[in-house]
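Asks: Sequence:
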Amino acid sequence: MKKITVICLAGFFAGVVCLLLSGILPLAEFPAQLLFGFGIALMILGFSNLLSQLIVSKTETEETVKVKRVEENDERNIRIRERAGFRTSQVILGVLCVCALSSAFANFELYVTLLFVGLILLHGILLVGFQMYYEKRI
11 MKKITVICLA GFFAGVVCLL LSGILPLAEF PAQLLFGFGI ALMILGFSNL
61 LSQLIVSKTE TEETVKVKRV EENDERNIRI RERAGFRTSQ VILGVLCVCA
111 LSSAFANFEL YVTLLFVGLI LLHGILLVGF QMYYEKRI
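Each residue of the sequence shown is one higher than the last, beginning at 11 in the numbering used here.
A couple of the hints might just be wrong.
Listed below are the simulated DSS-like cross-link pairs for lysine-lysine, each with C-alpha atoms no more than 25 Å apart in a straight line [what the hints assert, rightly or not]:
no.: 1; residue 1: Lys78; residue 2: Lys13
no.: 2; residue 1: Lys12; residue 2: Lys78
no.: 3; residue 1: Lys146; residue 2: Lys76
None of these hints come from the bench; they were simulated from the model.
Let's have the full structure, built from the sequences with the hints guiding it.
Replies: In structure tokens:
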């Protein structure tokens with residue numbers, strides 16, 4: 011069995027476990043709902059990725075795999091993916107800043123605002139960490 015298939019199945023079953031735990035464990039309303047939502051998300055992502063893996067594996071031939079491998083290793087395509095990833099990172103950071111400010115001005119619970127601030131800090135830490143990692147690696 012392919013590694014990606016095992017990961018998809020693990021995600022699906024982790025979602026099932028989260029759903030079961032949200033109904034069985036005597037949790038307060040908010041943690042139970044959070045666990046339920048997380049379980050649904052894991053189940054959907056695991057199932058959809060598993061389904062796409064099964065469909066892709068049936069349509070791939072040696073020739074299409076070879077063409078795909080050449081396209082993935084093409085320097086222009088690598089640069090395009092790098093730029094798209096960086097631009098996505100910038101947009102997500104902007105969205106997080108807007109959400110943090112909006113939640114602060116709208117008098118949301120403190121933990122909601124702190125969650126957005128924590129994600130902004132995590133973004134910065136990851137950015138610096140990955141830059142240091144790739145400077146040493148490349």
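Asks: Out of the numbered hints, which ones does the structure contradict?
Replies: Result: hint 3 breaks, nothing else.
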